[in-house]
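Trainee: Letter by letter, the chains look like this.
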Amino acid sequence: MKAKKNLIWAVILAAVCLICAAVILYGRLGGENPKAEIYLGNELIKTVDNLSPDEEYSFRIDCKDGYNIVTVGGGKIWVSESDCANRTCVNAGKISGGGQTIICAPHKLVIRITSDSQTDAVV
Amino acid sequence: MKISAKKIALIGVFTALSLIIFIVEAQFPTSGIGGIKLGLANVATMVAMLFIGRREAGIVLYLRIILAAAFYGTFVSFLFSLVGGTFAYLVMCLLMCRFDKKQIWVVSAFGGVFHNVGQLIAAGFISGTSMVITLFPYLLISGIVTGVLTGLITQRLWFSSLRKYSLRKE
Ligand SMILES: [Zn+2]
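First to last, the protein sequences are chains D and L.
Residue numbering for the first sequence follows my numbering, starting at 11 and increasing by one per position.
Residue numbering for the second sequence follows my numbering, starting at 55 and increasing by one per position.
Hints should not be assumed to be uniformly reliable.
Below 25 angstroms or equal to it, Euclidean Cα-Cα: the simulated DMTMM-like pairs (lysine to aspartate or glutamate) are [stated by the list, open to error]:
1. K15/D / D154/L
2. K15/D / E42/D
3. K15/D / E47/D
4. K56/D / E91/D
5. K118/D / D64/D
6. K14/D / E47/D
7. K74/D / E42/D
8. K91/L / E66/D
9. K104/D / D154/L
10. K118/D / E47/D
11. K104/D / E66/D
12. K15/D / D59/D
13. K14/D / E42/D
14. K14/D / E79/L
15. K91/L / D64/D
Just so you know, these hints were derived from the structure itself, not from any lab.
Keep in mind that this is a model prediction, so the values were computed, not measured.
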């Protein structure tokens with residue numbers, strides 16, 4: 011009976027993980043020409059159309075609480091440097107696929123990848 | 055509430071252990087989405103809950119959060135730990151006595167998920183954007199995986215010879 015309980019819970023938790031993985035993968039599928047949208051406090055301040063420039067480059071985003079250095083290259087975009095309080099944005103690593111997001115909560119900065127097939131589908 | 059000397063000593067030991075684990079873990083650069091951590095310090099909270107009691111586990115948790123913030127934390131990281139820790143603590147208080155000791159790993163998985171939900175709410179509150187919701191599927195998976203792992207460690211400790219130090223007769 012107890013072994014059965016373990017099994018039931020294992021199945022439930024694995025199912026939740028699988029559903030989440032499916033949601034994540036679905037967001038990444040079928041996207042052409044991924045673009046990065048950068049928001050500061052819910053306002054779209056910049057769109058990076060080409061994530062694969064000939065040469066990697068960085069730009070700086072200043073907000074009232076500090077700055078973030080964003081780097082683009084090799085089909086990816088990431089926060090390479092920040093003076094924010096918890097560095098979650100830097101630790102988040104590089105993103106490249108549709109639906110992926112980097113959030114710097116203290117600076118109210120959001121970097122989001124969208125692609126052609128999704129721009130009108132996703133709110 | 056009368057607290058025995060033995061209880062106070064155990065609370066001190068668990069708080070010290072959890073602070074050490076927390077600081078060591080913080081030294082490793084976290085990788086992946088959203089800087090996911092294993093949350094090993096939570097093992098100390100859970101063991102305290104099993105060995106001493108729910109209230110005492112709360113003392114261990116909040117002492118660790120306050121001390122960690124005092125050592126090198128920032129206000130934002132303190133807020134994240136506080137909200138995440140409280141969510142996890144409350145759900146584990148609710149579930150721990152309702153589940154068999156062989157299912158500590160399930161209780162811990164719920165704790166991990168609620169910890170992340172709490173952090174997501176904190177992130178939404180701090181950043182003032184609802185776009186944090188896009189991190190939800192990642193955080194659900196990481197909460198389950200890290201919760202199950204820390205839960206299995208806790209379960210292992212409960213079913214070990216260490217149990218003779220437990221103040222609870224169960
Ligand atoms: Zn940041």
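Trainee: Confirm or reject each hint.
Mentor: Status of the hints after comparison with the structure:
For the hint pairing K15/D with D154/L, the CA-to-CA distance comes to about 9 angstroms; that is within 25 angstroms, so the pair holds. At roughly 45 angstroms between alpha-carbon atoms, K15/D and E42/D are farther apart than 25 angstroms, so this suggested pair is violated. For the hint pairing K15/D with E47/D, the CA-to-CA distance comes to about 45 angstroms; that exceeds 25 angstroms, so the pair is violated. At roughly 18 angstroms between alpha-carbon atoms, K56/D and E91/D fall within 25 angstroms of each other, so this suggested pair holds.
For the proposed pair K118/D and D64/D, the alpha carbon gap of about 30 angstroms is over 25 angstroms, so the pair is violated. Taking the CA atoms of K14/D and E47/D, the gap is near 47 angstroms; set against the 25 angstroms cutoff, the hint is violated. About 35 angstroms separates the Cα atoms of K74/D and E42/D, which puts this hinted pair outside 25 angstroms; it is violated. Restraint check: the Cα-Cα separation between K91/L and E66/D comes to about 29 angstroms, which exceeds 25 angstroms; the hinted pair is violated.
Taking the CA atoms of K104/D and D154/L, the gap is about 41 angstroms. The hint is violated against a cut of 25 angstroms. This hinted pair checks out: K118/D and E47/D have alpha carbons roughly 14 angstroms apart, not beyond 25 angstroms. For a cut-off of 25 angstroms, the pair hint linking K104/D to E66/D stands: about 13 angstroms separates their Cα positions. The straight-line distance between the Cα atoms of K15/D and D59/D is roughly 51 angstroms, outside the 25 angstroms bound, and the hint therefore fails.
Proximity of K14/D to E42/D is assessed by CA-CA distance (about 46 angstroms); at most 25 angstroms being required, the pair is judged violated. Using a Cα cut-off of 25 angstroms, the hinted pair K14/D and E79/L is violated, with the two alpha carbons roughly 35 angstroms apart. With a CA separation close to 35 angstroms, the supplied pair K91/L and D64/D exceeds the 25 angstroms bound.
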